[in-house]
Structures are given as structure tokens and as C-alpha cells.
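Residue numbers (the working numbering), protein chains in the order written: chain A, 1 to 198; chain B, 1 to 574; chain L, 1 to 242; chain E, 1 to 235; chain U, 1 to 192; chain C, 1 to 342.
Derived by calculation from the structure, the hints in this document are not laboratory data.
A virtual CB, placed ideally from N, CA and C, is assigned to each residue, including glycine.
A few of these clues could be false.
Every beta carbon over 10 Å from chain U, so not counted as near; a handful from chain C, in silico [to be verified]: (1) L22; (2) W96; (3) V170; (4) D177; (5) G198; (6) L243; (7) S252; (8) G304; (9) A313.
Here are the simulated lysine-lysine pairs, BS3-like style, with alpha carbons at most 27 Å apart [to be verified]: (10) B:K433 - C:K331; (11) L:K81 - L:K129; (12) L:K142 - U:K127.
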Amino acid sequence: MESGVVNNLLGAIGALLALGASFGALLGFAAVKFKTEGNPIVDQVNALLPQTQCGQCSYPGCRPYAEAIVAGESINKCPPGGEATIHQLADLLNLEPLPLDAEHGAEKAKTVAFIREDECIGCTKCIQACPVDAILGAAKLMHTVIASECTGCDLCVEPCPVDCIDMIELPTTVQNWSWPLPNRGALIATDKSSGDLV
Amino acid sequence: MSTIYSFHGGIHPAEHKTESNSAPIQAAPLPPCLIVPLSQHIGLPAKPVVKVGQRVLKGECIAMADGHLSTSVHAPSSGYVSAIESHVIAHPSGLSATCIIIETDGCDEAIAATPHPDWRSYEIGELLGIIREQGIAGLGGAGFPSAYKLNSDEIHTLIINGVECEPYITADDRLMRERSELLEQGIEILQHITGAQTVLIGIEDNKPEAIEAVRTACKHRDWAVVSIPTKYPSGGEKQLIELLTGQQVPQAGIPADLGIVCQNVATATAIAQAIIEGQPLISRITTLTGECITEKGNYEVRLGTPIKYLLEHVGYARDQSQKIIMGGPLMGFTLPNLDVPVVKTTNCILAPGDNELGSETRTQACIRCGHCAEVCPASLLPQQLYWYAKSQSHEQLKAHNLADCIECGACAYVCPSALPLVQFYRAAKGEIKEKSIEQRQAEIAKSRFEARQARLERDAAEREATRAARKAEAKAKAKQDARFAGEEDPVQAAIERAKAKKARLQQSGEADSVSSKLDELKAKVERAKFGLEQAQSSGKEEKVLTALSASVQRLERLLAGEQAKQEQTQEPSE
Amino acid sequence: MIGRSIIQHSVALAGFAAICAFVLALTHSETEAPITKAKAKARAQALAAVMPPSLYRDPILDEHVVVSGDNSTAFIAPGTKILRARSNTQVTGIIVPIQTPEGYSGDIDLLVGMDNTLTITGVRVVTHKETPGLGDKIQRNKSPWIDSFIDKSLSNTSESTWAVKRDGGAFDQFTGATITPRAVVKAVYGAIVYARDNYQTLFEAPLPEALLDISFTEHQQTNIISQLGYWEKRVDGTFYAE
Amino acid sequence: MQSDFKELTVKGLWSNNPALVQLLGLCPLLAVTTNVANALGLGLATLFVLVVSNVAVSLVRGLVSNAIRLPVFVLIIASAVTCTELLMQAYTFELYEILGIFLPLITTNCAILGRAEAFASKHAVIPAAYDGLMMGLGFALVLVALGAMRELLGTGILFADMQLLFGAQAETWRWVVFDDYQPFLLAVLPPGAFIFTGLLIALKNRLDQHFASNKIARAPIEAGSKRARVTGVIR
Amino acid sequence: MIAEFASLLLATVLVNNFVLVQFLGLCPFMGVSNKVETAMGMSMATAFVLTLASGCSYLTYHFILAPLNLEYLRTISFILVIAAVVQFTELLIRKASPLLHRVLGVFLPLITTNCAVLGVALLNINKAHTFLESLWYGFGAALGFALVLVLFSAMRERLAAADVPTVFEGPAIGMIAAGLMSLAFMGFAGLV
Amino acid sequence: MILQQVSSPHLHAARSTEEIMLRVLLALLPGIITMAHFFGSGVFTNLVVACVAAVLCESICLRLRKRPVLIYLKDYSAVVTAVLLALALPPYSPWWLITIGALAAIGLAKHVFGGLGSNPFNPAMVGYVVLLISFPVQMTQWTAPSTLAANPTAWDSLLAMVGSEAYDAVTMATPLDLIRQNNGLMMSALWQHYPQFGRFSGVGWEWINLAFLAGGVWLVQQRIFTWHAPVGMLAALGLMSALFYDGGSSASGGSPLFHWLSGATMLGAFFIITDPVSGATSNLGRLIFGALVGLLVYCIRVWGSYPDAVAFAVLLMNFAAPFIDYYTQPKPYGHKPPDADK
Ligand SMILES: Cc1cc2nc3c(=O)[nH]c(=O)nc-3n(C[C@H](O)[C@H](O)[C@H](O)COP(=O)(O)O)c2cc1C
Ligand SMILES: Cc1cc2nc3c(=O)[nH]c(=O)nc-3n(C[C@H](O)[C@H](O)[C@H](O)COP(=O)(O)O)c2cc1C
Ligand SMILES: Cc1cc2nc3c(=O)[nH]c(=O)nc-3n(C[C@H](O)[C@H](O)[C@H](O)COP(=O)(O)O)c2cc1C
Ligand SMILES: Cc1cc2nc3c(=O)[nH]c(=O)nc-3n(C[C@H](O)[C@H](O)[C@H](O)CO)c2cc1C
Ligand code: SF4
Ligand code: SF4
Ligand code: SF4
Ligand code: SF4
Ligand code: FES
């Protein structure tokens, strides 16, 4: 090879070597010095999840799912949160909202667990199953659900040996009723496939 | 004469007051049955203090106020309590709520009243107590318990709201004309209770007779009777305060923050009656008007009177009208049906003719013309609220101060595209409220979940520690070869079997759903029976045994039913 | 700990960088020759558009004359490099870069090639900001209009016909756009006039006799202002009538 | 394995197309698609870089630690780009000049780094190369489609200037589609680039809708089959 | 001098807007323009990095590559420089102002693959800018980017509430809106 | 018995969208008539072709979006758009030009964004600008006003509309174009030399602008829109031209009066920037919106390469309108600091 070529080659290698080495040093320094302790985004994601703690997302609870999302899991696996949560997550993470993944279940109306007290045998299995300690009762005594604490995750239903737990929908009352958005009939049509909004 | 300020926006719809304001107030007849809802006001429903079948007298307290933000409810006439049950009430949802139903006996026998003509000598607390016990809630708007509202310190201005800005309604107009002395006494009591130095009485200038009457009644007082220009919604509390004082109630605040209290004229009169005459709130003046009513006018109506009864009395021709509105045409709501009763806030029943309120216009797209923003008394941008409510962008709605919307309907009134704007806002407000409740619940659930996880971890750690200790011990004892005879738990065994069964079912794939349901039920019965036997043999507590046997019976019933159903469905197909 | 991490990372990264550099340097050395060739070819092609290769022998176009302050004009700023083509020892042609501010929107940069009889051998627009679809027809790839200058010279086109047809000249204007072609014609004419005025410096030879005969006034009078009889004077880049 | 490649093909060319779906590499997409020749030139260059960098990344994927993963990938891509640059400069010089800075800017085409990260760094060489090929083809096809649309509407001509890419014999490919055409200049100006890309994306959405409505029902998915136990073993 | 710099700024911000006219930095332009707040964060981060990278790449080119005749290594060394600048910026901000880091942190990594940054570095070389001009050009480019990004994000928030036909929803309508914006920006042609 | 249930209010004022649009059309009439007086029947052929094309395009779009076509057409928004587009185009434009403009306006600028009320950009101006940059040759051919050259006959205008070669109108540069290209002339010399200039601005243009001004003032009085945007625009335009008008040197860009009464100023101020859909929302926002339009119009007219900049200025500000809205929300009731009034 000509000396010009060799010189050029050496120059190129030298220059990039220097750049690479200094950059690598910087990164190496950063990798140790600024190790990320806890990811604030996980908290933000977790705050958007409904905290039903039902495991339908295939993670044991909302926080694990939040962590998985930050690590790249798709955002459409939480049936209790449904469309609304997916949209919020998409917003936060700058992703395209996806439809709910049916493999994880469907979006249902909010329910609470109700224990038919005269059938309860007091086995405490539901207490163990409840992720938010919403069931009161001691061994061999009747158990009761604190409706205001119950997230409706239905995890207590399956373990009950005598099937005395029902998931019931909360009734609409004058207090919690609100106007629905105007319906389609009276209004102009729309392009939104889902929508009965104007 | 005090200065009149002005507020942003407002509209001038046709007034339609003359139809009903010419005749004096008449008494409405006593209906055979009164339906008295326990919640006719904002706050907690009252607690019933009567039993079904009990005879009650007119003015007798039938439900007590439940706490401070609540008022009592009284029997509007004498009769028997026939039921305490859920009944459709006057609410836009058309839902039901608990009502006390009284069969009137026609005697209209009243309970002995305790008048307080010497009310000046009472403590303010005592007066407030009387107001609450006599069931006074705001008669002008939302039905806010008056005692609660009046119980504020540092009030310097009392505003009496005789504006009555909505079209059609004339109840306050007639009241001011006919009962101005009582009103004057009521205002005096209110001034006494609140300690206000200034009293401003606001009346729209389209009610000259009322202004005159009130001026005459109050001529020896240093109160200002202010005639304000007719414009909707001058009667809104916040707007009236701005009109009369030039001040604005701070966002998310109440008039008391400015040292102001605002009461409706009818409320003031009711308070005078309650304190001076000892009469509880059992009736109110209601305007009955609209093309479908022949005898339009103002009626003194007992609370609890079914609307149907009332309308029949005033010559309502039923099927002309598509809707009956409780309240005025701008703020009122349509009734789900005619069985609902009159309540404390029923100032008007409007039965409009087919085209009286304008023919149905077709909704079009919002063209952002901005007319709505020009009339909004809250200085909001209704069109933006509409777009964001439609797309359910709650963040944006909050940024555009949806919460400050008073739902007056001025925007929808002027909207050239005839959009149901107010409904959008109400729906959005409901959604936001629901969201915030959910959010709060999620917070609670999260902390409880985390607490539980922590506890479990702690327990596990402890168990691990003891296990380690025990292991060491066991090692020492290993040579001694002491075997523990493990007694199997019957419940555990049953669960085991059920699980096995479930697994089997799952393996067998998608079995016919009916038969698998049957199988499941059968399995459940088996399981329950087994559990019962086990429990019996191991001598469990009686309570457990009864519970188990009850469940066995229930399951058997279910099974039998299911089997019958299945046979039925199979037969015709064969 | 930190030290080790730094060393590890920097060595790894530097290693990769070195490999990349090696690959690149190899590619570079392989392509260097063809690139130089391609560049030269491209340049030759570009120049051929304004100066036929027959006029000069490779690689003569490296030669240039720098315009000094004294002999600059409105179109030709001081410091402009005028390329010279040479065949044997004789200067056979020049390529004059000129700029005119009289386009519809902003400056137009041109290259004007001419031979030693001051006959145009080609004109090309280098940059311009004229309206697309209207004024941009001065680009060769949009319209062949610019080729209408070829073979025009002071002798075959009289002073008054160095103008667009609307102004009574020999050159077409475009539909809807007169200003742009007017500016270009004026600029090209300015280049020729400049070459005539500085013939000795540019061509290292005296002005040919044929050209001596042609008389022309100080400035070509296509400008409407001159037609109106106003006297031009440049004050802060604007014109004032006096 | 067969189905894997099929999936990669579908993803690259259609369902996960870098330009129309992921919206990556937009700058060159809009900037150089004024005619087919430029579009094809940049498309091929990108395709080449994508394949080379995918292969290289896949080769070194075991060797780099997390902290310097990205810089290494960027280095690899930049080298591939520079090689392409040098080669184009040597053999298609005019095209190189026309593409201008958009050739070196292939380096920052997020689609390439995206593929290196998401696919090549997790797969073996062959699939990685195939993925690069398909993604690159998908990108190039969109470039060419857009270039054709804009060239046709903006000038009424197709395949002008192909000689820049394929040498002198391609000069005859120039096809005057409409004689005496009133050019719709918007198409070749910057706004046209955005608008036509938007229309192209809408067209793809429309076709997707069409396919979705025509598709035979897929095997039903079992709802809720992926549930996890939150509360551990229940004793 | 000042006039020259002002006109350079005007030219880069409006007339030759990086995004709408020169087609640089489009991916983040389409990607992070859904909300005004994020757009603002991105704009700030980009402004900082663009200016800094512009200067650094100038130095690299003129003091390392040009003397060594290694111009062909400009792409690879610029991208290294940019990555380093981004990383450095992140460290600096993290150290100096954790608050600012919370706001900008998410966007910094995105900037490495924003071709406006590399574009500025390359254009500086092409246009033979001086060091100061390079800095100023980078700043102007960032300003132009920020301007359209923020305005576009406000518009997209409005579009989100509009009744856009389904086939046009999302990126398609964003593109078309950007096209009309670019149409509007043609009005600035010839201003400088 | 179940009664019909709807949310309050149950009362509606009578004025509907179509009424508003019809009033806008009515207010345009004086301007249209004046324009036809100066430019001849080509104004009408423009209008007719634009309306037909726009309504057709609107129907097709509505059909594609599965909306009831007739009901939607009745809001007349397509007609308003078509009329404004037609007025912005040079009279005697060929049919295909107008049709492409209408297509761009209704299809691209309106329905793609969701139809009436959703379009962020003014449709008519999008149509105009698309044509201007796509077909600059046709778009820069303004007929000479009737006082300077004989008006083409109605037959000529038909010929022109079908794009016939037989028709060749007398076209000349508009005054705005001449000012931009002042060739270094003093203002007074310009006025003397070119017959296109009238008393204050262009021949014909003065009256056309006054007629549009009259229509616009009537609309303000009818409360179709508020005064904020037009006043903002005219004030800013006047201010800028007053600031840079140095009495008539060749560098100055025309007097305020010239700018107010030239080109599309009044049409823009009262009919284009008041388009509620694509403008700013609040009154303050509209004032700012208008003022910035005025500023941009002046800058582009005088220093840019488009002689009449209304369309570009409007589109640029349409683009900024949502952002203006972001910062110009009116203070709602109760948001004032508590003792601001004291
Ligand atoms: C949740 C709530 C709390 C209120 N608290 C007070 C209070 O503490 N003191 C008071 O004087 N008024 C209070 N108000 C009364 C309001 O200021 C207002 O007078 C009442 O809602 C009647 O208003 P309207 O009929 O105009 O809707 C409260 C109202 C609401 C809805
Ligand atoms: C839009 C609107 C209009 C109102 N109009 C009147 C009215 O005309 N007269 C009235 O007494 N109250 C009216 N109110 C209710 C008042 O705001 C306020 O609640 C009432 O005057 C408080 O007095 P009260 O507690 O004695 O009812 C209106 C409320 C709203 C929101
Ligand atoms: C938006 C616009 C852009 C124009 N661009 C140019 C241009 O680039 N070059 C040009 O010569 N004329 C241009 N013109 C036309 C000139 O203003 C002028 O009217 C024309 O050159 C006069 O020539 P004519 O008499 O042949 O029509 C443009 C006009 C307009 C309205
Ligand atoms: C006062 C007023 C001005 C209008 N101006 C325009 C306009 O300049 N351009 C336009 O296309 N539509 C205009 N329209 C009509 C309407 O707003 C237009 O069709 C919508 O922009 C389409 O959504 C106007 C309407 C009104 C009420
Ligand atoms: S699926 Fe259940 S556990 Fe998972 S995130 Fe949603 S609520 Fe939480
Ligand atoms: S009670 Fe049952 S349904 Fe409610 S939270 Fe606990 S486990 Fe879930
Ligand atoms: S009045 Fe109706 S159409 Fe007009 S801006 Fe308000 S909501 Fe929209
Ligand atoms: S309903 Fe709400 S938004 Fe509408 S005018 Fe009344 S206060 Fe304003
Ligand atoms: S290609 Fe330019 S930013 Fe992605």
C-alpha cells in the first residue's frame, strides 16, 4: 500500500479511536455514577392503573404491570382500566392507543363482592385471596366484605369452597346518577365507529 | 339608592309572565295521597321517625334532619302513613328514592304550633335550630338547608333574591305582592340572625307591582329595594351578588367568603312563618303555566302532592304536551312521569304546548360562532367546553374551568346549531366526578395493597426465622424419630377434589355449555354434601353446620331448577 | 469501581470505533480515485453547458481572473472569479459569474460563457428565488429559454434588442412573468459589456476590431425608469428622483 | 421458521411499515420524493444500510454491554452510511449531489436504529438480514410510490432522470404520461410532500379497513386466559 | 453585522423553516406534538442540544477532520459528538437542576435520532459558516423547530376533539395539517 | 306514562346556522356588485362555477362520510366558502382552475378534518393558496378594470371559463404588484405613470373595498361576529404602513389608505379572518389574531414575494390560532383576584 493510504488509514483509526475512547469513558463514568435509582415513570404509570390488583394483566398486581409497561410491555392488558386507562397510558408514554387485548378479559361494569353471610363457613380463604384486605372475619366466623374498600377484583370468588361470594354491580341512585352524553338519535351522525357522541 | 353593576353575558328570552301573574295565589286542593320524599334538599336525606300505619297530624315531624347539612320533613296534612318505600321522585334521572306516603283523611288536623313572636330574645343558635327543625331549605334554587347557610360569621350584607329571572315563573312575584309584610318580617329575622348591616333586595324591573309592594312594606327600614334590569340569569346567586355589590364570589368559594348571604324571598317568608307562627315548611307557592294548562296561575301547593293530581285540578289536557317541565324553561328538568310529587324546590310546573318552546330543531355542528361565549354569565368559553366534553378530554375541561359553569343554559339558548350544550357539561361533570372518586379509591386500594404486601413480607420473614429455628431444633431431635400423625382437614380435601374436577372439565375442552353448567352444579352439590358430612363427623360448631346445610339445600334447589329448564328446552327440539 | 467501568467501556467503544474507522478508511482508499474522477467529470459537464469543450483543452479551466474593486460593476462584485479557457496560449473564452438583484424575489446568480469574439456560448442559472412555475422557467431543466442566448453577441444583436420582446427586444418573455427574463437579459448583456470594457485584462489581447466599431451608450436603457427620463442614483440601496 | 419469514415480510411491507405506520424516516421520505429517480436512489441506499447494519448488529449483539449498546449501534450504522456515501459518490455522482445531506442523514433515520434495537439485537444473522431487507423494501416502496405520485402530478412525466441511477441507457425510460399537461406544482413543492404522504397513509388505513371487514373470523381467543394470581398460593 | 445575523435568524426560523421547508426533524415533529406541554419540553431540550451540537461539530470538523484530511469521516464523528453532547447535557442538567431534568429528561435521548441535529452540523459545513454563524444557525434552526412544534401541538389538541373521518385519524390528518402549515409558510418566501 | 326527557334549557333562540350564513352572503352582495361593475361578467361566471363545484364536492364528501346530504347542504357553509374563493380568484378564470380550488377548499381543507366546524384552516384561503402556488400563471392574470380597458363581453367570459384560447383579456399587473415592483420610482411617479392607480389606491379596488367594508360593518351591527378581529387587522395594517410610509420615497410601501383599500384587505378583514371556525376563540384572542394578520399582511406585501398576502397571513394565523387560544382564555367569573375591584 502507498504511504498516503496508510497514513490516512492510521489517521482515521486514530481520530475515531480518540473520539470513541473519550465518549466511552464518559459513558462508563455515567453508568456508575448516575445509576438510575427507581424509575419515576413507573410511578406515573402505576398512578394511572386502576389498582384493582386483579392480575388479569398476567402480572401479580398493578405495580408489576407498571414496571413491565415501562420496560416495553404493551399497554392494552388491563381490563378493569379499559379504554380510558389505555388512552391515558398512551398519552403519558406517547404511544398509539391499542384496543384492549381480549386475551386478558373484557371491560366490565364495576362490581363489588358480596358474601352471602348465612352460607359462609368462615374458612378465611377469601381473606387470604383479597389483595386489599377488604374482607373482615376470623377463622370459622362469618366473613363480610367492606364494600367501600373492595376493588371488585373477584379474586375471592374462586377460592371460596362453598361458592357464597357473588360479584354484584353497584346500583345507580339519585346520588351517583349523572346525565349521559347526548345520544345519537337526536343528534347528527358521526364518523367515530364506536361513538354515539356527536 | 345603591349602584347597580352588571355582569358579563346574559340573554333576553320572551318573558311569558303575564299568563300566570294576574290572578292571586289560590290554594290547591288536598290530594287523597301525599308522597313526601325524605330528600328534598341538598345534603343527607332525613331519617324517618314514623312507622307505617301510624296516624300523623299536619305539621308533625315525620323525618328528622340527619346532621347539620340536612333538614327535617313534616307531614303536609293529617292522615295515615301507608308506606315508607321507594318512589319515583322529581329528579331528571327518573330514579326512585325513599318517600313517606301518607293517605290523607281530609280532616287536615294540625299539630299544636309553638310560635315565637318574641324571637328577638332568642339566641341565634336557637333560632337556627328552629329553622332546621321546621324543615326550611332554600326555595329559590338548589334547596340548600337554610340553617346551614345562615350559620356563618362575619356576614355584612344580606341579599334577598326576588329577581325571578326565568320566563314563565311568577311565584315570587305574587308572593312579594301579596305577602310583603311577612316577607318584611322574614328579612328582619334573617338580618338579626346573620348580623348583616346592609340588606339589598333585588327585584327585576319587569315586576313593578312587586317592587312597589316591597318598597311599601319596607319603607321604614334602611334596606335598599333595588330594581334591576331584566336579563337572564340575574337571579343566579353569583350574578345577583355582582349586580348588587360589584364583587364576584371567588372561584370554588361561597358568598359567605365575601361576607354575603343570599336568600330567596320565599325562603325569607317561610322562615318568618316558621319562627313567628311556628309553622313548618309543608307547602309552597308554585306557578302552574304553559299552553296545556287552562287555569294558569299560582297555587299554594302542599309538598308531596302528586303532579298528576295537581294538573288535573288546573285543567291539563294530557296528550297535547310531549313534556312537563319542573322549574322554568331554562333551568328546569323534564319529569319522567306524572306520579312524582311536588317538593320544596318546585317553583313552577310548565306544561308547554307542542310548539310553544320552539319546534324541534336539528342539531348541527358547532361553528365556533362564539355567540355562546358572549352570553355566558360565567365568562367561560362554552364552545371549547363543548368540544372537549364531546371528546372527553377531562384535562382540557378542567383547564377551561368547567367547574365554574352554573348550567344556566344561556349558551344553549343562543346556539345557532341547537347543540344540547348543558347536557354535555352535565355529563362531563359527572364523568369527572366519577373519575375523581375512582382515583381516590385507587389510591386507597393501592395503599392497602402495599400495606398488605409489606405485612405478608414481614410475616414471611418471621416464619422463615421461626422455621430456621425449628429446623435446627428438629435436627437435634431427628434421631428421636417422633412422627406427627397429620390429620387431614376435610375442607382442604373438598377443595382438592373440586380443583381436580375443574381441571378435568377444562381438559375436556369446550363442553356443551348447558351440560357443563349442570355438571358444575352437580359437582358443587356433591362437594357441599361432602363438606357437610365431613363437618358433621368431625363435630364442627353448629353455626358452621347450619350454614353448610343451607348451602347444600340452595345448591340442590338450583340444580333441580336447572335440570327442569334443560328438559324443557330439549323436549320441543325432539 | 468507577475507574474500571470507565476503562472497560472506553476500550470497548474505542475498539468498535477503530474497526469502523478501518473499514471506512479501506472503502475510502478504494473509492478515492473514482470519486476524484466523478467530481472532475461533473465539473466538466457543468462547464460544458456554458462553454463548449472544443474551445479549450483540459484542464485549462483552472485559471481565473479576480475582479478588482476598480473594474467591478453592479452585476459583478469585486472578488468575483472569472474563469478563463485557454487553447494553446490564447485565451479562447471566459465564464463570468454574475448576480442581478432585479429578479422578482431576490437575487439571481448566473454563469455566462463567451468566446473571445464576445459571442455567448452558454448561460446557466446557478441560484434564484423566482416563483415556481412562473419565473423559474429560466432554469434549463424547466424550459429551453436560456439557450436562446447562445450565439448572441454585440454584433448580431443590437443594443436596443438586448431586451425582452415586450420592451421591443429579441428575447421572449414568459406568460405572466416579464420581470424575471428582463432581469436575466439585462444581466447577460451587462456581462458582455463588462467583458468588452475589460477585454485586455480578461483575454490578454486587445479588443478585436470588429468589436471596436460597435458603439453603445454608457448603460443599456431597458429600465423603465430611464425610459421615463428619471436619473438614477443609488442612496442606501434605494432610488430617489431628483 | 417459514411462517416467521412470512410474518417479517408482512410486517416490513405493510402492517408495520416504517414510513406509513411507524412514521419514521420522514425527513428523507418527504424531502427526496419529488421524482421516482431520487426516491429510488435513496430507497436503495437506505435498504442497503438497513441490511448491512442489521447484519452487523446481529453479529456483535453478544459482545456489547448495555451501557454502550446504543453508541455501538450508531457507530455501525454511521459506518454503513459513510460507505454508501462513498460508493454513491464514486459511481452515481449526480444522484449523490441531488440527494444532498439526506444521504448522510440516513444515519439518524430512526427506522434503522429502531430495527437494530428492536430486532437485530435479539435475533440471529439470517432473520436479522431478512428483517432489514423487508423493512428496507417497505420503506423504499413507499418512497417510490410517493415519488411516482408527485412526479406524475407535478410534471406529467414519469421516470425522468433515471440515467442518474442506471446509466445512459435509462435516459429512454422517461415517459411523458400526459402531453400538454398543466403541471400541478403543489405536488412537487414542500406542502405537497406532506399532503400526499397524509393521503397515502389514509389510503393504507382505508385498505386496512377493507381487509379487516373481509377477513374470515380468526380462531377465537380465550378471554381472560392470561390471568396471574396476585395473592400467591391460598392455603 | 447585527443585521446580517438578524436576517440569518429570520431566514432559518421562517423562510427556510427546518421542519416545514427543509424537512428536518420531522419524526419528533410528528411524534411529540400531541400535547403542548410535551412539545414545549422537547423544544427547550432541542434548542439547547442543537446549538451546542452545532458548535461542537464545527470544532470537530475544523480542528480534527479537516487538518487530517478525513472529511469523509464527518458523518460518523458528528453522530458521536451529538451522542456525547446529548449524554453530557443530560448529566449536566441532572446535576445542575433536577427539576429541569424532570421536565426534559424524557426528550433528551430522542434527540440523538433527530435528524435536525445532524442536519445542522452538515449544513454548517456545506454553507461554510464561521463558528459564530454555526452557533447562531443552530439556534435559529432550533427556534424554528420550536415555533412550529409548539404551534402544531396546540393545533393537534384541537384536532383531537374534531370529528375527523376514521381513515384520516392520527398520523394522516397530522400530515395533512402539517402540509397546510407548510403551504402557509410558503408565504414567507422571498422575505429575506 | 313515560314522558320525553331532555336536558335543559328547553327554550331556544330562533337564529340558526343557515341564517347566519345567508346573512354573510347577503353582506357580500355590495362587494360582488361593485366588483362586477369593474371587472365585468367574469365575476359572475367565477361565482357560478365555484358554487356548483363546491356544492357538488360537498355532496360527494358528505355521501362518502355517510351523512344526510340535503340536510347538511342546507347550512350553506359550502356556498359561503365557494363565494369567498370565487371572489379571491382573478375574474374570467377557467372552469378547471375554479373546480380544483373548490376541491381543495371543501375536500382537503374541510371534510378531511371533519367537516363544518372542525377545519383548522380557512377552506377558501386553502383553495386560493393551493391554486396560487400550483398555477401561478393563471392566478396572476388580473383583468384590467373597466375604466381602463373595455370590459369583455358575456360571451367572452363564457369562452374564458371553458378555457378557450380564443379569449385573450386585457390583463395588467395589480397596483399592489406594481408597488412591490416599484422599479425605484417615487410613489408619486408610480401614481402618474401607471393608469392602474386611482385616487387612494387602485382603480376599482377602492370602491370594491369600500363595498366590502359596508357589508362587513352591517354584519358587525347584526352581531354575526364581533368587531375585534377586523379592527385588530385594520389597525395593525394601518399602523405598520404609517410607520414605514415616509411620504413617498421609492422604499416606502404605500400609505395606510392605500393598504386599507387595496387588494383583498376589506374582504379579508370582514369576511375571511372573521371565519369563526378557523379563527381564535375569545375576543381578546380575536383581537390578537386580527392584529397579527394585519402585521403579516404588511410584511409579506412589502418585503415578501406575494403582492397580496391576505391568504398567506390568514393561513399562518390559522395555524397559530389554537396556540393563541391557549393563552387568551377570558377570566371566568370569580377568577379575578378577590380585591381587584376595591
Ligand atoms: C357543597 C355546597 C356547600 C355549601 N356550603 C355553604 C356554606 O358553607 N355556607 C353557605 O352560606 N352556603 C353554602 N353553600 C350554598 C351556596 O353558596 C348556594 O347558596 C346554594 O348552593 C344555593 O345556590 P343556588 O340555588 O344558586 O344553586 C354550599 C353549597 C354547596 C353546593
Ligand atoms: C341560572 C340561575 C338562575 C337563578 N334564578 C333565580 C331566581 O330568579 N330567583 C331566585 O330566587 N333564585 C334563583 N336562582 C337560585 C339562586 O342562585 C340562589 O340559589 C338562591 O337565590 C339562594 O336562595 P335560597 O337558598 O333561599 O333558595 C338561580 C340560580 C341559577 C343558577
Ligand atoms: C404571487 C406572484 C408571483 C410572481 N412571481 C413572478 C416571478 O417570479 N417572475 C416574474 O417575472 N413575475 C412574477 N409575477 C408577475 C409580476 O408581478 C408581473 O405581474 C409580471 O411580471 C408582469 O408581466 P406580464 O405583463 O407579462 O404579466 C408574480 C406575480 C404574483 C402575483
Ligand atoms: C362571519 C363568517 C365568515 C366566514 N368566512 C369564511 C371564510 O373566510 N372562508 C370560508 O371558507 N368559510 C367562511 N365561512 C363559512 C364557514 O365558517 C366555513 O364554511 C367553515 O370554515 C367550514 O367549516 C364564514 C362564516 C361566517 C359566519
Ligand atoms: S389487570 Fe388488574 S392487576 Fe393488572 S393492572 Fe389492571 S387492575 Fe391492576
Ligand atoms: S373482596 Fe373480593 S372482589 Fe373485593 S377486593 Fe377483596 S378479593 Fe377482590
Ligand atoms: S353558540 Fe353553538 S355553534 Fe356557536 S360557538 Fe357556541 S356551541 Fe358553537
Ligand atoms: S350553561 Fe355554563 S357555559 Fe353555558 S352559559 Fe351558562 S354558565 Fe356559561
Ligand atoms: S428522519 Fe428526520 S427526524 Fe426522523
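Checked hints:
1. L22: holds (24 Å)
2. W96: holds (20 Å)
3. V170: holds (28 Å)
4. D177: holds (13 Å)
5. G198: The claim holds: G198 of chain C sits with its nearest Cβ about 27 Å from chain U, beyond 10 Å.
6. L243: holds (17 Å)
7. S252: Its Cβ never comes within 10 Å of chain U, the nearest being 18 Å, so this holds.
8. G304: violated (5 Å)
9. A313: violated (7 Å)
10. B:K433 - C:K331: Judged against 27 Å, a Cα distance of about 23 Å means the pair holds.
11. L:K81 - L:K129: Holds: K81 of chain L and K129 of chain L sit about 23 Å apart, inside 27 Å.
12. L:K142 - U:K127: holds (26 Å)
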